[in-house]
Amino acid sequence: MKNYKFICLILFLFIILSIVLATFIGSADINFSQVVAIYKYHIPFFDISMDDMGLYSIIWNIRLPRAIIAVLVGGGLALTGCIMQALTGNVMAEPYTLGIQSGAGMFAAFSIAFFSKIPVLSLIGTNALAFIGAMVAMVFVYIISSRDKFKSNSTLILTGISIAMLCNAIIQLIIAFAPDNAKIRGIVFWTMGGLGGTHWEDIPVLFIVSIIGFIITYILAEQLNIISMGEETAIILGVQLDRLNRILLVSVSVMVGAIVSISGSIGFVGLIIPHIVRKLIGSDHKKLIPIATLTGALFLVWTDIVSRIIVAPKELPIGVLTSLIGVPFFLFIIKKRNQGVKK
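Just so you know, this note's numbering puts 327 at position 72 of the sequence shown, and the rest follows in order with no gaps.
Because the hints were derived from the structure by calculation, they are not lab data.
Each statement offered as a hint is correct.
Straight-line C-alpha distance at most 25 angstroms; calculated DSS-like pairs for lysine-lysine: (1) 569 <-> 438; (2) 260 <-> 541; (3) 591 <-> 534.
Taking CB as the label site, the calculated pair distances span: (4) 402 <-> 279: 51 to 57 angstroms; (5) 286 <-> 485: 54 to 60 angstroms; (6) 380 <-> 498: 24 to 30 angstroms.
Glycine is no exception: its CB is placed at the ideal position from the N, C-alpha and C atoms.
Based on the sequences and whatever the hints tell you, model everything.
Here is the structure:
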């Protein structure tokens, strides 16, 4: 696709427009001039006073950082989905279906529940624990699935789903032993995925992790193209598979750990977006990675907007909405694969 750079530019502009629109849309009735006035308030050349601090807080401290985080989370999940599908050769692979998100979630839930009871948790931090959980889950999935003598990709997915179920069961145990109801509510809402409690302070770490992860993956895109031809071909062409796997799996774990610790468990973005983009533009990872990342960012911004207004004034957890979209899509992929096998 010769015009893929133009597509990236259009997607980027749509993301910027969507972030701006996200500050307008919500249960509170806010008009265009009010939002523009708040943006002007932060531009040095405009001498504007701010009278309604409640309105200011809704737009600048709640909606705007939430929209930016939706971009980073959506892009990060789509990127990690691209990586996992390339490494495994399985279009159903993503951090959610491989249990990586659930592993990160289990460790993060433990941190949330017992942060005040176990002093060492305050030293480690929820982000670091989520990363450790993602790594532990990934290691278990690969150790168990590697014992399959037939090396079936379905074994990898089934192992990931089993690990996810185990982690989710442990999360329920953590909830049962949580010291107070406030922590229980926090963990339950967090396991469903949501961006409601996000702030400006969450953006720097997530932004840095996402940018570094994207750069690393893009640099290695040609090698991902080669391994899609098969492991034997990749080895003949000089790809160091063990080194490539280690680098990218650590990158996935860091990104998933950062994402889960901030947004909770948001599934199927890494499954849906790379699959659709691959169908539209092909499997060249030099093009697939940036377009899928931008598409994932755009998708989650609008999914978050819908989650805020669909049951207004209440809010639907964004993870519930992505699952309602993702589960039928997952079943559709399975059906198509089975039809391909029968032919």
